[in-house]
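Chain order of the listed sequences is P and B.
All letters in the first sequence, in the order written, are residues 1 to 118 by the working numbering.
All letters in the second sequence, in the order written, are residues 119 to 217 by the working numbering.
No lab work stands behind these hints, which were simulated from the structure alone.
Computed from a prediction, not measured in an experiment: that's the story for all the values here.
Wrong hints could be hidden among the right ones.
Here are the in silico distance ranges between beta carbons for each label pair [to be verified]: (1) Leu124(B) <-> Ala87(P): 23 to 31 Å; (2) Gly57(P) <-> Leu124(B): 40 to 48 Å; (3) Arg206(B) <-> Ser75(P): 44 to 52 Å; (4) Arg175(B) <-> Ala87(P): 15 to 23 Å; (5) Ala151(B) <-> Arg96(P): 31 to 39 Å; (6) Asp207(B) <-> Ser107(P): 29 to 37 Å; (7) Arg27(P) <-> Arg175(B): 28 to 36 Å; (8) Ala74(P) <-> Glu129(B): 36 to 44 Å; (9) Ser75(P) <-> Thr201(B): 43 to 51 Å; (10) Ala203(B) <-> Glu92(P): 29 to 37 Å; (11) Asp198(B) <-> Asp70(P): 43 to 51 Å; (12) Ala87(P) <-> Ala151(B): 21 to 29 Å.
Glycine included, C-beta positions come from ideal geometry on N, C-alpha and C.
Residues per chain are reported as follows:
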Amino acid sequence: MKVLVIDDEKDVRFAARFSLGRVGRMRVIEAANGEDGVARARSEQPDLILLDMMMPGMDGAATFHALRADARTASIPVVFLTAKGMAAEARELGARGVLLKPFNPMSLASEIAAILAS
Amino acid sequence: MSDPLLEELREQYRDGARVRVAEVEALLERVDAETLPQLTRHFHAFAGMGATYGFPRISALGDELEGSILALVRSEAMPDAATVARWRDVMREIARELC
Chain P
1 MKVLVIDDEK DVRFAARFSL GRVGRMRVIE AANGEDGVAR ARSEQPDLIL
51 LDMMMPGMDG AATFHALRAD ARTASIPVVF LTAKGMAAEA RELGARGVLL
101 KPFNPMSLAS EIAAILAS
Chain B
119 MSDPLLEELR EQYRDGARVR VAEVEALLER VDAETLPQLT RHFHAFAGMG
169 ATYGFPRISA LGDELEGSIL ALVRSEAMPD AATVARWRDV MREIARELC
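The following block holds chain B by itself, in its conformation from the complex (with noise of 0.2 Å):
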C-alpha cells in the first residue's frame, strides 16, 4: 500500500483505538458476566482490525487476548487473577503501539 494511503489509515485508527484501550483497561478493574462480553468484543475487534489499518501486532496482541476470552466463554469459566495481569500487560502493549 501506498504510503499515504497507509498513513491516512493509521491516522483514522489511532485516536478511536486509544479510546478502546481506555475502555479495557476500565473494564479490567471488574471483570465478572456482565464485564465479560464487553471485553469480548473488545478484543475481537483488536485482532480484526488492528493489521489492516497497519498495526499487525496489535491484531497479533488481539488474536491472544480473543484466543483466551473465547475458551473462557464456551466453557461458561471466568478468568483467574493470573489471566487478568495477563490481559493487562497485553493492553500496555496495545497502548505502546499506538504511540
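One chain only, chain P, in its complex shape (with noise of 0.2 Å):
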C-alpha cells in the first residue's frame, strides 16, 4: 500500500513514515505543503492521503477541495491527520476519516486500514 502524507512539520512526516513504513510495512511518499502534495497525488496516485489541516499558504481545506476537484485525484481516499483543535473542521469537510495528533506510532497503520474497510 502507498500513502501520500502531506504535512508541513517535518516532525509529523518523520513519525508517519517511521510508523506506516516500519511498522506498517506500507510505502511512504511525503510532501511539505499542500502544493506539492495535490503534484504528487497526480503524479503517485498513492492509495491514501493522509492530509494535514494546520499548514500555511494551501492549508489542509484547500488541498482537500483541489484533490477533490481534480479527477486524476478526486477517487483517491483521504484521511485528516489533524490535533483536536482542528478535528471539527476536518470533519465537516467530508473527508473519509479523521485521526488525531498525536497518534500512537504502533497503531497508525491498522486505524488506516479500519477507516479504509468500514
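With the hints as a guide, bring the two chains together.
Written as C-alpha cells, this is what we have:
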C-alpha cells in the first residue's frame, strides 16, 4: 500500500514514515505543502492520502478541495491527520476519516486500514 | 512500543523540540499580530506530536497552549499580560520535559 503524507511539519512526516513504513510496512511518500501534495498525488497515485489541516499557504481544506476537483485525484481516499483543535472543521469537509494527533505510532497503520475497510 | 523504537523516536524529537522552545521564547518577547500566527503553529505542533514521540505531557501542555491561542485568534483578540506569562510558564515546563 502506498500512502502520501502531506504535512508541513517534518516531525509529523518522520513519525508517519516511521510508523507506516517500519511498523505498517507501507510505502510512504511525502509532501511538505499543499501544492506539492496535489502534484505528488497526481503523479504517484497513492492508495491513501494523509493530510494535515493546518499548513501555511494552501491549507488542508484548500488542498482537499483541489484533490477533489481534479479527476486524476478525486477518487483517492483522504484521511485528515490533525490535532484536536482542528478536528471538527476537518470532519465537516467530508473526507474518508479524521485521525487525531498525537497518534500512536504502533497503531497508525491499523487505524488507517480500519478506516479504509469501513 | 518496544523500548528501542520508542527511544529512537524520542531522540529524533528532542533536538528539534528544543529549537522550537527557543523560538517560542523569543516570540513571546514580542506578541503582536505578526507573531501570533507563528505562536499558533508552534503550539499546534507541541500539541500534535509530543505524545507520538513519547512525550505525552508535552502534548497535554501543547493542548493548553493551542486551546488558549485559538480562542484568541477566533475572537480576533490579543493575549493579556497574564496569558503571556502563563505561556512562558508552560514553555518552561515543556523545556523540563525535554531534559
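Here is what the structure says about each hint:
For Leu124(B) paired with Ala87(P), a C-beta distance near 25 Å keeps the hint of 23 to 31 Å intact. Distance hint for Gly57(P) and Leu124(B): a CB-CB separation of about 33 Å, inconsistent with the stated range 40 to 48 Å. For Arg206(B) and Ser75(P), the Cβ-Cβ distance of about 48 Å falls inside the hinted range of 44 to 52 Å, so the restraint holds. For Arg175(B) and Ala87(P), the Cβ-Cβ distance of about 21 Å falls inside the hinted range of 15 to 23 Å, so the restraint holds.
At about 36 Å, the beta-carbon gap between Ala151(B) and Arg96(P) stays in the expected band of 31 to 39 Å. At roughly 33 Å, the beta carbons of Asp207(B) and Ser107(P) sit within the given window of 29 to 37 Å. Taken as a hint, the range 28 to 36 Å holds for the pair Arg27(P) and Arg175(B), whose Cβ atoms sit roughly 33 Å apart. For Ala74(P) and Glu129(B), the hinted distance range of 36 to 44 Å is satisfied, since their beta carbons lie about 40 Å from each other.
The hinted range of 43 to 51 Å is satisfied by Ser75(P) and Thr201(B), whose Cβ atoms lie roughly 45 Å apart. A beta carbon spacing of about 35 Å between Ala203(B) and Glu92(P) agrees with the range 29 to 37 Å that was offered as a hint. Take Asp198(B) and Asp70(P): their Cβ atoms lie about 45 Å apart, and the range 43 to 51 Å holds. Here the CB-CB span from Ala87(P) to Ala151(B) is close to 26 Å, well matched to the stated 21 to 29 Å.
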